[in-house]
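J.: Residue strings, one per chain:
There are 2 protein chains.
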Amino acid sequence: MSKLVVVGTVAFDAIETPFGKTDKILGGAATFIGLSASHFNTEVGLVSVVGGDFPQEYLDMLSNRGMNIEGVDVVKDGKTFFWSGKYHNDMNTRDTLATELNVLADFNPVVPNSFKDAEVVMLGNLHPAVQLGVIEQTPAAKLIILDTMNFWMDSALDMLHEVIAKVDVITINDEEARQLSGEYSLVAAARKIHTMGPKYVVIKKGEHGALLFHDEHIFFAPALPLEEVFDPTGAGDTFAGGFAGFLASSEDYSFENMKRAIIYGSNFASFCVEKFGTERMQSITPEEINTRLEQFKALTKFEINA
Amino acid sequence: MSKLVVVGTVAFDAIETPFGKTDKILGGAATFIGLSASHFNTEVGLVSVVGGDFPQEYLDMLSNRGMNIEGVDVVKDGKTFFWSGKYHNDMNTRDTLATELNVLADFNPVVPNSFKDAEVVMLGNLHPAVQLGVIEQTPAAKLIILDTMNFWMDSALDMLHEVIAKVDVITINDEEARQLSGEYSLVAAARKIHTMGPKYVVIKKGEHGALLFHDEHIFFAPALPLEEVFDPTGAGDTFAGGFAGFLASSEDYSFENMKRAIIYGSNFASFCVEKFGTERMQSITPEEINTRLEQFKALTKFEINA
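Protein sequence lines, in the order shown, are assigned to chains A and B. In terms of UniProt numbering, the first sequence has 286 at position 286, counting the first letter as 1, and numbering is strictly consecutive. In terms of UniProt numbering, the second sequence has 23 at position 23, counting the first letter as 1, and numbering is strictly consecutive.
Okay, chain A solo, but in the shape it has when bound (with noise of 0.2 Å):
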C-alpha cells in the first residue's frame, strides 16, 4: 500500500456563523486533510504537535480512522494551537477572532522513519520552514503537493518560493494566485506560478468550484450547489485531502488522474461544509460518497455533437 505524509496543524477551533457558535473543538488542517484522505487505500501518516491540553479521545479518534500518529509530538507542558474566526452572512468572508499559536511555535517537524519513504507528501498549510523540513526527509516523494495562504506570502515570500520551486502541485485560493502572480486573470496567474516550479497549479474558488492547469491544459470542477453551507472551516484543507488521498491510493500522477482527485476532493469538501468542525466527516458513509459522485457526474454532463 502506498503511504501519504501529511503535515499540518491539529488544533482546537472556536467557530461562530450564522447558524450558532461552538466552544474549543477539533480543528486543524491536518486533521481535516487526514479525515478525508483516510477515506482512501493508503496508509496517512500525520506529522504534527498539540500541548497537553489536546484530549486523548482525539487522538484515538484519529487513530481509529486508520491515521498514523507517530508523528504528532505532544508536549506535556505546552497548550494546543488555537484559531478563533467569525464568519460573515455571506458565508465567503471570515474575521479571526483570535491565533494563539502555543506549541506550534517551536514546531519541529520529524517525520517517523516508517513514513520516510512515502510516496506522497501533502503539505498542509503551515510556515514554509516546517514545509521544508518535511520534504527534507521524505526524499522517496514521487508527488509533491503544497498548500499555502496569503499569511506567508505577507510574512515569508522568499522561503515560500523555495518550497513552492520543490513541489509538484500548488493549492491556493483565487485572491493568493493573483497576489503571488501579480497576474489579475487566473490563466495569466497560473501560467506565472508554473514557471515558479509547480506542473501543476490548483487554484480553489470557494463555492465557484476549482481550477486545475497543467501546460495550457484547464480543467474545472464546480463545487456541489448546497441547500446550506452551515460552517465552511476545513473545506479547503478537505478538499486537499480528498485530492492527495485519491492520487496517492491510485498512484497515478497524470493530468487525467488528477481531474479524479479534484473531484473527489470537491466530493469530500461538499461534506465537510454541512455540519461545524470536524463533525460531518466523522460521519460520512462510501454509500453517501458514492450518491454524490453521481451527483457530481450529472451536474456538468452534457453531449454536444457539433
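As the list makes no split between identical chains, a pair holds if one copy fits it or if it spans any two.
Once the Cα atoms are required to be at most 27 Å apart in a straight line, the calculated DSS-like pairs of lysine-lysine come out as:
no. : residue 1 : residue 2
1   : K192      : K297
2   : K275      : K21
3   : K275      : K205
4   : K142      : K192
5   : K301      : K192
6   : K275      : K192
7   : K301      : K142
8   : K86       : K275
9   : K205      : K86
10  : K199      : K166
11  : K297      : K205
12  : K76       : K116
13  : K205      : K301
These are calculated hints, taken from the structure and not from any lab test.
Fit chain B to the supplied structure of chain A, relying on the hints for placement.
T.: Just chain B now, kept in the frame of chain A:
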C-alpha cells in the same frame, strides 16, 4: 424554420474599462441577443425602438446578419437610448455614469404580423410592462424566456411578478436571484423562484459560470477561463441570445437540450468580452465557435467509474 422574437433595447453605449474607453458605440440587450441568436438556424425578429440619430449602417448590419428589423420602430424626432458605464479594475463591478431613456420612455412594442406565431420569445431586460405587451402579442409561443434585473425588482416588482408567472425560463444573476427569493442559498432561491412560475431557472454568475435548475435537477456550466477580459458589456445578453437561439433552432425544450443551450450561450459570451461592445460578436466564424466548443467539452470532462 422556427421563429424567435427578441424584445429589448437597441442603444448607444459609452464604456470605460481599465483597458480603454469608447465614444458612443452600438449596444443594447436586443442587439447582443440578436447577434448571438442569429448564428442559429432560426428567424430572429427584433422588437425595439431607436431615435432618428441611430445610424442606418447599424440597422443594415443587423439586417445583413439575418435579423428581421420590421419590429424596430424608428422615432425620427427622438433620441436613441443611451447608457454609459465604467468598470472597476476587477471587471466584475461597474458604475453607471449615465442612463438616458429617450425614446425608450414611451416605447410601445409592436410584434410584426409575420412574427406573431413565433415559437420562442426572448424577453430582454426592459420594463416588465413592455415584456408583458410582447407576451400578449405572441400567443403561439411554446417557450418564453425572461431576462430581467434588480432595477425592476426595486421599481416594478408587482408587474415583474406578473411577467414571471407567465414565462417558462427566467435568467437572472446570483444577487438578483437572492433578492427576488429572499434566500441566500442559490438552491433554495431557485426552488422558491420555481413556485413563482418558471419551470426553468438560470442563474448567471459571470466569470463563475451559470446554473440551470429544473425540479430537483441542477446543471452547471463554467465560464471559459480567459487570458484577458476586455469589456464585459453585453455578455449576459449574448449568453441569453445563444441560449434562446439554440433552443429555437432545435425546437426541443427539454432539460437535456437546455444544457446544450447553456453551453452555447456560455460559448458566445466568452467571445463577447474579448473586444469592446459588439465588435467581437460581428467577427466570429463557425470554425471559432466549434473550436471553443471543444474547449468547453474538455474543461469539465472527467471519467470516474465508482
